[in-house]
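Trainee: Spelled out, the chains give:
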Amino acid sequence: MAAGNPILQIDNITLAFGGVTALNGISFDVAEGEICAVIGPNGAGKSSMLNVISGVYVPQTGRVVFREQDCTRKRPRQIAQLGMARTFQNIALFQGMTVLENILTGRCMKIRSTWIEQGLNIGRARREEVENRRAVEEVIEFLHLQGIRKTPVGKLPYGLQKRVELARALVAEPIMLLQDEPMTGMNLEEKKDMSCFALEINREFGTTIVLIEHDMSVVMDISDHVVVLDYGAKIGDGTPDEIKNNRDVIDAYLGVTH
Amino acid sequence: MIYRETGTFITSYIEDRKLFPIPFDKWAMALFMLFMVFVIPFIASDYWLAAHLIPILAYGTAALGLNLLTGMTGQLSLGTAGFMCFGAFFTFNIMLRSPEWMNLPLALMLAGTVTGVIGIIFGLPSIRIKGFYLLVSTLAAQYFALWFFRSYPYFLNYATATVTLPDHHFDLFGIGETFDVDMASFEAKYLLSLGIVTALALFAKNLMRSATGRNFMAVRDMDIAASVIGIPVIRTKMLAFFVSCFYCGVGGALFCYAYLQVLGIRTFEMNRSFEILFMVIIGGLGSIAGSFYGTILVYEFPILFSWAGDYIFKGAFDTAVVDNVAKIMYGILIIALLIREPGGLAALWATAKQKLRTWPFPH
Amino acid sequence: MDFDWVFFIEIFVGGLMSGIMYSLVAIGFVLIYKSSGIFNFAQGTMLLFAALTFVKLTEGGVSFWVALPVSMGTMVVFGILVERFMMRPLANQSLLSLFMATVGLAILIEGFSQYMWDSAIHGLQLANFLDLALLDPVNMTIFVVDYVEWLDILISKFDIFATIVAGTMILILAVFFQKTRTGMSLRAVSDDHLAAMAVGIPLSRVWALVWAVTGIIALIAGLLWAERVSVSFTLVEAVLKALPVILIGGLTSIPGAIVGGLIIGVGEKMGEIYLGDLIGVQGIETWFSYFIALVFLLFRPSGLFGLKIIERV
Ligand SMILES: Nc1ncnc2c1ncn2[C@@H]1O[C@H](COP(=O)(O)OP(=O)(O)O)[C@@H](O)[C@H]1O
Ligand SMILES: [Mg+2]
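Residue numbers (our numbering), protein chains in the order written: chain A, 1 to 258; chain B, 1 to 363; chain W, 1 to 313.
Next comes chain A alone, as it looks inside the complex (with noise of 0.2 Å):
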């Protein structure tokens, strides 16, 4: 897909956690449209970037811009409210909750009906009920979850409660996806079917993809943009084939000393 204008500005983040620093320093764009692989060693930081551009973390020092806004120093709903959804590296969903459920609390961001309504069941939120279920539907089609709505999400096999997260936030119908680890601990065929997900999400809906990814070859094959992040630090940001031959990048994977 074609790279637009940055539509997410990362500036300079600094992340400390007591002696820790978990961000050293980090700027890169991401550009409308795109989609942009994050790739490093364990505790290189990673997830660490995605809780900053969520608001999940607060930086020490540096900017996030999404959208043309500082979201540095915003709560995470605003910065969802703005059009950002995510999945977590360990599954966050909701366990006591079923999968259909999980999905719906998604839209929670559509509704307008005042809880006095929902208690009382009248109008407006009787409507939106069932047009925030028609979204939902939608979603589950596309994501082949037919089956499950009912079933607790805690019941469910790793995999699949993998894409019921994805599902939960694609359905607030996000412009730009944050994926955690999306496909670690999946299978081949898996893996497959999430990357192809994250190419026809991209492609259909024109999201801006981030997302953290262990496996080159898929790295390779999907993504427009890579950073790799090592100790805190940016060493290489590039297109798949500039990554390819970097040579930190390279020493940074075959551990190489200097």
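Hints are not guaranteed to be accurate.
[What the hints assert, rightly or not] In silico SDA-like cross-links for lysine to any residue, where the CA-CA straight-line distance does not exceed 25 Å:
(1) A:Lys192 - A:Phe142
(2) W:Lys34 - B:Ile339
(3) A:Lys155 - B:Arg357
(4) B:Lys26 - A:Thr98
[Said to hold, decoys possible] Here are a few chain A residues that sit away from chain W, every Cβ distance over 12 Å (derived from the structure):
(5) Ser27
(6) Pro41
(7) Gly62
(8) Gln69
(9) Arg77
(10) Gly83
(11) Asn121
(12) Gly123
(13) Pro152
(14) Leu160
(15) Lys191
(16) Asn202
(17) Asp221
(18) Asn245
These aren't lab readings, by the way, just hints derived from the structure by calculation.
The beta carbon of each residue, even a glycine, is placed where N, CA and C say it ideally should be.
Take the given structure of chain A and dock chains B and W with the ligands to it, following the hints.
Mentor: For chains B and W with the ligands alone, kept in the frame of chain A given last:
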């Protein structure tokens, strides 16, 4: 073609969201309600109304309130009786100090609302304080309520210990005088409680199957993920405190007005908070019907047990023994349920129904 | 207006002493929380159970020297039973479920101990006992004579004794955790259950041990508290008072429990006397400690010494 398809979709979604998807359940419920409204008041003796049905309705309301907060939204509370206390005292004072046109249902709603606001105040710390740490706040509510009404006898109309609630508080729009019916009879009190409890339970049920209910559960299950999705976590918590305390307040008022007939502070000691917590755990955290199952079990067990003592063992048990055996039983039941079926009686009942549905050919 | 310093110090010292008593109860909570993440709501009824066992034994004519080890043994057996029949089957459940289970345990113990030993209010004149049993059997003056005077300040002798005992207990526990093998393995368990199991620390044995130790703490705390509030349900409520202590200290920290106890002990007394006067109402001590705790928690949501955790996702 497309139009028709969407059409069928809409009906099927509505169908899917029905309160009673199985027709049999719907009819059973309708019959049950008809029975409760039109038959019970005529066949039940005053004893049955006053010592069984009315207290169960009053307790059930408070249990439902606690369940909305702890079971649905995951905010622990040990202040239930404190909130009931607020509700009961406010209702009394509204009735006492308002002009003629005030009536009990309206006063209950007003008192519930004020209690809800107090609930929000004591819930505010939940913005920063999580989990067990929040117990401090609800315990503060419990002890603050007791202290407050003890320190300001104005709210008890300067009575010592208790006031008897006057009969004229029960009159509705002068019906009692005009038609010469006793609005303070047990039948009337029962019907009033039943009406209010049914309305509140239905409201809760609707709330729980809509966006607000899902927000409650999302906050309970994982509040970080909830906020990332765009759920207003703080507003959701405050709403949970408001609704929960509204229910507890109304429950407390019913407890005094319909059940005890007197208002006093000692009704709402710490023990009551625990009693209601047991009801909720046993009935099933997060289940509306479960709140009532738990209430019935916890309320009726000591009565049944002492009845058994009287009739089978010829008065073998004194009240202390009954009390202690009941406590032992609740304790064992709670632990056993948590080990075997954390969903409580409600989940047991659901499983049983499922078995019944596939009977006699379970797959 | 002349500020009455002697009175002030008297209250302050009294507050400190009840603070240490709170700390002793709080340590019981912290032990179990640290080793299993459970907020043990049954701590209060464990106090009641232990104290009742002791009282009943002595009322039945058993001497102090027999009653004490027998009650201790009872609490150890109790700890093992709790581990076997509650902790182990519940091991994989959510913390909320585990908390609820301890609420169940609390009511179970309460019913049981009152069923076995009636629910009358028992006085426990531990002071008499101590004089009779160990120190001064002839004159009975060491504890029974109530106060010592020091710089014009009256301090209850029993309070001094209780403070010393509680302080010693706290010290012993601290040493136990820092220096002994068992204590260290306990800390390892609290840090990471899976890792502890991986290096071969038997979880269930550690848990049984923790519950047994907590039982013994409950016995000693129960006996000391009983002197003030008598042996009855009030003992359970007294323990609810210890709750703000643990929360101020942070659920995971023994020093926290101590500091928290002192803050609440002093704060409660000061609040009752000075703030109560100021706003002209009585009895605010019933809720004042919770408000102190709330104020602290608003600034430090996981307590003074609790681990500040940024949740990971
Ligand atoms: N909430 C947190 N508290 C403390 N340290 C953290 C937290 N989140 C991440 N870290 C630390 O930051 C570093 C980067 O972690 P992370 O972003 O999860 O790496 P990656 O996702 O690339 O594997 C690690 O050293 C990790 O221990
Ligand atoms: Mg990661």
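Trainee: All hints are to be evaluated individually against the structure, with a verdict given for each.
Mentor: Going down the list of hints, with the structure as the test:
Restraint check for Lys192 (chain A) and Phe142 (chain A): satisfied, since their Cα atoms lie roughly 15 Å apart, inside the 25 Å limit. Note on Lys34 (chain W) and Ile339 (chain B): the hinted pairing holds, with a Cα-Cα distance of about 22 Å set against a maximum of 25 Å. At most 25 Å may separate the alpha-carbon atoms for a hinted pair to count; Lys155 (chain A) and Arg357 (chain B) meet this at roughly 22 Å. Note on Lys26 (chain B) and Thr98 (chain A): the hinted pairing holds, with a Cα-Cα distance of about 23 Å set against a maximum of 25 Å.
Even its closest Cβ contact with chain W, about 23 Å, leaves Ser27 (chain A) beyond 12 Å, as expected for a residue assigned away from the interface. Residue placement check: Pro41 (chain A) keeps its beta carbon more than 12 Å from all beta carbons of chain W (closest about 18 Å). The Cβ of Gly62 (chain A) sits about 18 Å from the closest Cβ of chain W, beyond the 12 Å cut-off, so the non-interface label holds. With a least beta-carbon separation of about 23 Å from chain W, Gln69 (chain A) lies farther than 12 Å from that chain, consistent with its non-interface assignment.
The Cβ of Arg77 (chain A) sits about 15 Å from the closest Cβ of chain W, beyond the 12 Å cut-off, so the non-interface label holds. Residue-level check passed: Gly83 (chain A) sits 20 Å from the nearest beta carbon of chain W, beyond 12 Å. The Cβ of Asn121 (chain A) sits about 29 Å from the closest Cβ of chain W, beyond the 12 Å cut-off, so the non-interface label holds. Against chain W, the non-interface label of Gly123 (chain A) holds: every CB pair exceeds 12 Å, the least being about 36 Å.
For Pro152 (chain A), the shortest C-beta to C-beta distance to chain W comes to about 14 Å, beyond the 12 Å cut-off, and the non-interface label holds. Remark: the non-interface label on Leu160 (chain A) is consistent with the geometry, its nearest Cβ contact in chain W lying 20 Å away (cut-off 12 Å). Listed as outside the interface, Lys191 (chain A) is consistent with that label: its C-beta sits roughly 22 Å from the nearest C-beta of chain W, beyond the 12 Å cut-off. Annotated as non-interface, Asn202 (chain A) keeps its C-beta farther than 12 Å from every C-beta of chain W; the closest such distance is 24 Å.
At roughly 27 Å from the closest C-beta of chain W, the C-beta of Asp221 (chain A) stays outside 12 Å, upholding its exclusion from the interface. No Cβ of chain W approaches the Cβ of Asn245 (chain A) within 12 Å, the least distance being about 34 Å, so the stated non-interface status holds.
Consistency with the previously given hints is maintained throughout, with no hint failing.
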